[in-house]
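> Here's the letter readout for the chains.
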Amino acid sequence: MLGEVIRILAASIICWVLFVTVDILFKLPEKGGVSGAAAIGRQIRADGGDLLGGNMMGNIVSSPDASAGTLLASCGVFIAGIPGGLAAAALVFIGNRICHDPGYAGTTGAVLATFVVYGMTQVGFAASDFIAGTVIAILTIQGLFHIPASRVLGRLWRWRA
Amino acid sequence: MIAILQAIFGGIALLGAIAASLSKSSYDKLIGIGLLTGGVIPFVAARGYLDVAIAVSLLVPVTTIIILQVTGPEEER
Amino acid sequence: MEGIEGQIPLILTAGIGLYAAIRIVAERRTLRKLPYLNVLSFAVAASVALLIPHPLALAAAAAYFVGSTLESNAIASAYAGGPERQ
Chain L
1 MLGEVIRILA ASIICWVLFV TVDILFKLPE KGGVSGAAAI GRQIRADGGD LLGGNMMGNI
61 VSSPDASAGT LLASCGVFIA GIPGGLAAAA LVFIGNRICH DPGYAGTTGA VLATFVVYGM
121 TQVGFAASDF IAGTVIAILT IQGLFHIPAS RVLGRLWRWR A
Chain H
162 MIAILQAIFG GIALLGAIAA SLSKSSYDKL IGIGLLTGGV IPFVAARGYL DVAIAVSLLV
222 PVTTIIILQV TGPEEER
Chain D
239 MEGIEGQIPL ILTAGIGLYA AIRIVAERRT LRKLPYLNVL SFAVAASVAL LIPHPLALAA
299 AAAYFVGSTL ESNAIASAYA GGPERQ
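Protein chains in written order, with the numbering used here: chain L, 1 to 161; chain H, 162 to 238; chain D, 239 to 324.
Next up, chain L with everything else stripped away, as it sits in the complex:
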């Protein structure tokens, strides 16, 4: 039981690094993709946070991005192995188009996460650990404290730019 909790925490760190890297490589913090995402970014800046990090949080809310790809790819690997993960990537692609998002961050994140999760299942992790780990990782960004999270994301974006 303790070992499973430790595996879930390790999986959450892996998922956090994976989807934040993909999101920042696809320039999510640069601007709000739709007007609602930009409005969330402005609201977070008005409350004392960082505008660029707020834009990225708004983009995560408004369209399935790499974090959604990681979650659904983990579910796909948990249910059906690698074909399930690729089916999840196709579903994320359809979801992106439904939400008027022209980018490929979600699909890329899902395909990458499929192979990462499948590789980690070969070395002792279970795919369900990654499902719970992704939920914990998104909780640390969107659910605990918005203002410090937006500052961390803005600092990562400036470090890349």
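Be careful, since some hints might not be right.
What the hints assert, rightly or not - Below, a sample of chain H positions facing chain D; criterion: calculated Cβ distance under 7 Å:
no., residue
1, Ile-169
2, Asp-189
3, Leu-196
4, Pro-222
By construction, these hints were calculated from the structure, which means they are not laboratory data. Glycine is no exception: its CB is placed at the ideal position from the N, C-alpha and C atoms.
Given the structure of chain L, go ahead and fit chains H and D onto it with the hints provided.
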């Protein structure tokens, strides 16, 4: 589905119902309805009615979008 | 309390969903509620996939997630004043 999970998801659905009924702004009411849907979907899926879960989870956002056409942008409070 | 050993990921995701629901009810600014709603939809989609390991459950999780995202998108855009006023 074990009892603790039933308690948790039932609590989510009840919180959504309370939030939807008590909030003043129409946007907050719609968010409460989204919360209520999130609590109900696992009960539908746990019985094996996955097609019903898919239908409900696609119909509720469409209904929300149609209601949003009626309410319009909110004036500053 | 039977069978709690094999269910740790499921109980964890459901507990995170309950936490997000409490934060939604406690938060007063509408735009700040939407990230918590996103956390809730992550938790519910993960719970649906963990509850039933069936191929259609993947479609149900994806449909719920995309639907919830579309709803948040529409609410945020309408609150901000519609897609044309940007």
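> Each hint should be assessed against the structure and marked as holding or not.
How the hints compare with the structure:
1. Ile-169: holds, 4 Å
2. Asp-189: Constraint on Asp-189 of chain H satisfied, holds at 6 Å.
3. Leu-196: The hint holds - Leu-196 of chain H has a Cβ within 7 Å of chain D, the shortest such distance being about 6 Å.
4. Pro-222: holds, 4 Å
When held up to the earlier numbered hints, the structure conflicts with none and fits them all.
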